[in-house]
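Here's the letter readout for the chains.
There are 2 protein chains.
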Amino acid sequence: MEISIQKRVLEANESQAEKNRKYFSSKSIFVLNVMSSPGSGKTETLCRTLRMVMPRIRTGVIVGDICTRNDADRLEATGAQVVQINTDQFGGDCHLTADMVYRAANELDLDNLDLLIVENIGNLVCPAEFDIGESARAVVLSVTEGEDKPLKYPLMFQVADVAILNKIDLLPYLDFNAQEAVENMQKVHPGMPVFYLSAKTEEGFSPWIEWLSASVRN
Amino acid sequence: MEISIQKRVLEANESQAEKNRKYFSSKSIFVLNVMSSPGSGKTETLCRTLRMVMPRIRTGVIVGDICTRNDADRLEATGAQVVQINTDQFGGDCHLTADMVYRAANELDLDNLDLLIVENIGNLVCPAEFDIGESARAVVLSVTEGEDKPLKYPLMFQVADVAILNKIDLLPYLDFNAQEAVENMQKVHPGMPVFYLSAKTEEGFSPWIEWLSASVRN
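For the protein sequence lines, the chains are A and B, in the order given. Every position in the first sequence, counted from 1, becomes a number in the numbering used here once 413 is added. Every position in the second sequence, counted from 1, becomes a number in the numbering used here once 413 is added.
Derived by calculation from the structure, the hints in this document are not laboratory data. Take these hints with a grain of salt, some might be off.
Some chain A residues close to chain B (C-beta under 10 Å, calculated; not the full set) [stated by the list, open to error]: (1) Gln419; (2) Glu489; (3) Ala490; (4) Gly504; (5) Ile534; (6) Glu542; (7) Ile622; (8) Glu623; (9) Trp624.
C-beta atoms are modelled at their ideal positions from N, C-alpha and C, and glycine is treated no differently.
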């Protein structure tokens, strides 16, 4: 019974996700779902990204957290349209659903957006199971988290279209083997592009910004 | 309906957790549930801890991961009794349940243990909701994860009895404000002890080992 309810929850989500996808497509908005562990640097990476692509790419952000609007405040400082979802009103949900994203999106001026970024809740497990109607998914892994994370959390790396390896400015102080981490990503998702960057120093942003810009244009 | 099922799942878990608690207590085993984000350094912290407390404290470890037995292999190298739980056989569950822990515990020689450490799945959200019949809970936060995590994931810091602030060897290379992080912990859980340490350099382990040793003796 538990499993059949779980299946029904996922099916209802899938159905709303398909509606979202058609809705965003009808407005020519590219939707990027950004996922990671807590503290991998999603928000800082997105703040830098927004400053580099706006106003050329008109961008809105939906940011999910269980509590606080800290991230929304940081993202709003870039000038982007931002909506915060707090899941504590949904029982502290550990992921965003298609329905939450739909409702939040309608608080934005969608007719003036080319790109909608959804910063999901910091969790390397559950968000991977919930389609939100996005055009593409990015997973962020920071170099402080260990090389074996793609093998330990394979679904996240399988559903992602691209990966960002963040905080490369810390590599000199760590025993982290970046090549091994990327090899592990390729084991679970052969061919996935990986962008090495540092949201702190801005090193390595160009290929990521090029990928994002090309994705929005297409 | 979804909510009532969820409630029933939590109630069934609670009931098994109480059984576990009585069972472990009857064997005079102190059970520590260790939780954190992926990549905060739980396994490395535990490897160091085991080397410091064994054989004085006879220790077993149950280690939870969705996939791989990488962590079990690292922990076994310390000489501890180790059982790996992989939740991919349970649909990739994002947390350990009381039932999983009960079954895994019975693969250990419990009559020759003083301390059972459960290394939960790397997830700062869901494991906080599932009592496994532990004697105490420790949350590990690494200094690379940001000061605001206790405010963004309050339940985890509320249910924890102690916190470990790990990777302090990296502080010189980060903008992390450790005092602010600890203040945020105290906001959601006033009075919670916090141990500053580095699993890499072994700096700061003494107070943590003292706390653990005293807890096992009582």
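We went through each hint and held it up to the structure:
1. Because the closest C-beta pair between Gln419 (chain A) and chain B is about 8 Å apart, less than 10 Å, the hint holds.
2. For Glu489 (chain A), the shortest C-beta to C-beta distance to chain B is roughly 16 Å, which exceeds 10 Å, and the interface hint is violated.
3. The interface hint given for Ala490 (chain A) is violated, since its Cβ lies 15 Å from the closest Cβ of chain B, which is over the 10 Å cut-off.
4. This hint holds: Gly504 (chain A) has a C-beta 8 Å from the nearest C-beta of chain B, less than the 10 Å allowed.
5. Against a cut-off of 10 Å between C-beta atoms, the interface hint on Ile534 (chain A) holds, since the closest Cβ of chain B lies about 7 Å away.
6. Among the interface hints, the one on Glu542 (chain A) holds; its C-beta lies about 8 Å from the nearest C-beta in chain B, closer than the 10 Å criterion.
7. Because the beta carbon of Ile622 (chain A) sits about 23 Å from the nearest beta carbon in chain B, more than 10 Å, this interface hint is broken.
8. For Glu623 (chain A), the shortest C-beta to C-beta distance to chain B is roughly 27 Å, which exceeds 10 Å, and the interface hint is violated.
9. Interface restraint check for Trp624 (chain A): the shortest CB-CB distance to chain B comes to about 24 Å, outside 10 Å, so the restraint is violated.
Violated hints, listed in ascending order, are 2, 3, 7, 8, 9; each of the other numbered hints is respected by the structure.
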